[in-house]
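Student: Now for the letters of each chain:
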Amino acid sequence: MIHMRDVSKVYDDTGAVALDHVSVDIGKGEFVFIVGASGAGKSTFIRMLFREVLPSSGVLEVNGRDVVKMDRSDVPYLRRGLGVIFQDYRLLPDKTVYENVAFAMEVIEAPRRLIQRSVNSVLDVVGLRDKYKSFPSQLSGGEQQRVAIARAIVNAPAIVIADEPTGNLDPETSWDIMDIFQRINAAGTTIVMATHDKNIVDTMRRRVIAIEDGHIVRDEARGVYGYEA
Amino acid sequence: MKLSTSEYFIREVFLSLRRNNWMSFASIGTVAVSLFVLGVFLILVLNMNRLASSLESQVQISVYLREDIEDSTRRRVEGNIQEMQGIESVKYVSKDEAMMRLKERLGDQKYLLDALGDKNPLPESIEVTVKLPEMVQTAAEAIGKMEGVEEAKYGQDVVEHLFDITRLMRIFGLVLMVLLAGATLFIISNTIRLTVFARRKEIAIMKYVGATDWFIRWPFLLEGMVLGFIGGIVAALALRSFYAAMAAKIYSTLAFFPLLPQYPFMNYVAVAIIVSGMIIGTIGSTISLKRFLQV
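In the order they appear, the protein sequences are chains A and B.
Okay, so the first sequence: first residue is 28 according to this note's numbering, each after it adds one.
Okay, so the second sequence: first residue is 3 according to this note's numbering, each after it adds one.
Hints listed in this document are in silico derivations from the structure and should not be mistaken for laboratory results.
Beta carbons: idealized from backbone N, C-alpha and C, even for Gly.
Be aware that one or more of the hints could be misleading.
To be verified - In silico DMTMM-like cross-links for lysine to aspartate or glutamate, where the CA-CA straight-line distance does not exceed 25 Å:
1. B:Lys147 - B:Glu85
2. B:Lys292 - A:Asp98
3. B:Lys203 - A:Asp121
4. B:Lys292 - A:Asp101
5. B:Lys292 - A:Glu79
6. A:Lys122 - A:Asp98
7. A:Lys122 - B:Glu14
8. B:Lys93 - B:Glu143
9. A:Lys158 - A:Asp197
10. B:Lys147 - B:Glu162
11. A:Lys160 - B:Glu9
12. A:Lys122 - B:Glu9
13. A:Lys122 - B:Glu85
14. A:Lys122 - A:Asp151
To be verified - Partial chain A-side listing against chain B, Cβ under 10 Å, derived:
15. Gly42
16. Ala43
17. Lys122
18. Arg139
19. Arg178
With the sequences and hints as input, model every part of the structure.
Tutor: The following block contains the structure:
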């Protein structure tokens, strides 16, 4: 699914080295936590996967596509195979729950009948079918993040990439979100999630990749957070 | 393009026009004013050209003969003119014919000529038409020196004057056009920039879920095009009234003026104006997208 070989990232404007010869492979159906302090390179790692950040050197393949050599015009097609989730939900405030999710299908020109079916089905997955008419401002933080997850998975991506998805949520709500991720993962979707949440990582005991100063310092199959929370 | 996609684009465009209603209004107004001024110049220049060319094709030399000229001299003058290069036609006008023409031209006021009684003060003349307007001056000068010729007059100076005016109007119109086009581009690209700004969250999400660059750009290009189109229609309608009013005014005061007939001329002008509006609108939004939409 993800194949990273000797990937480095140096930011042109500051000259800062965010990642330094990182190599890692993530297989289909894995559930991976990316942990590390702020500024360690976690965010760069995550954003490279959907080519918001382009590697300076090395080989990066995601979902069978060469991210480094890829033509700019192919980036949308890379992203159609990925679902991206952020800490701040990024919903459109003037669209309803239903419209927010449907938007992700409309803009890749999916047929209307398929849109209706898929949106209803993913709203079931995240448990928000009955709130489809609500606007984001009428929802709690956890509910908004569930809408964002629905939007990320509505196009049936092979990989879900989540950048601190529980960062703004209380522990109980965070577990609701993790439940959904576990269910998505059980259905075969690869999940890569950057997090600071010690409790979640230590409880779930999934693969943990720790990044410090642009290097992978730890990669354990059933790892723990390993830092003081 | 799929039907549902076109619907999506159209919905987005009108949503955005409503959302930025003041900027949209200002854009349409600027486009309309610019295109109207452009259209006025277009109409004037085309009509001046027409006037100039109709005067030009009429360019003829009136050769007035001496009072005491003999018939044989007159025929020799005619023959000499005929042999000159670049002469289109030579026509003799007798004293009687000249008087008849004058009466015709005076129309209702021909009674003025009654005072002359039987006397005819008009000279005999020869009307000479040359093939090319540039030849008029030299031809007239040569003819003027011939024996038995009193004077050779031509309308070239009028035509030259007209050409000067037309040229000046063209230059002035062009400069004004460039300035107005610049202002129009500026305001349209600003309107589109506001739209891009208002929709930056949507654009970011569109990119994350894999919308293509062109899918993201289309609504903005369409919006610019629609702004230009509406501005063009407003300008075309205003020009139509302008031309009708101008035609009425000119026909009542300068009946001889060879004004281009309103149809189909104004239809062509309308099409040109509306198409220009759409082109300006599209260029305006392209500028904005290049600068503010890094897709």
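Student: Can you give the numbers of the hints that this structure goes against, from lowest to highest?
Tutor: 6, 13, 15 and 16
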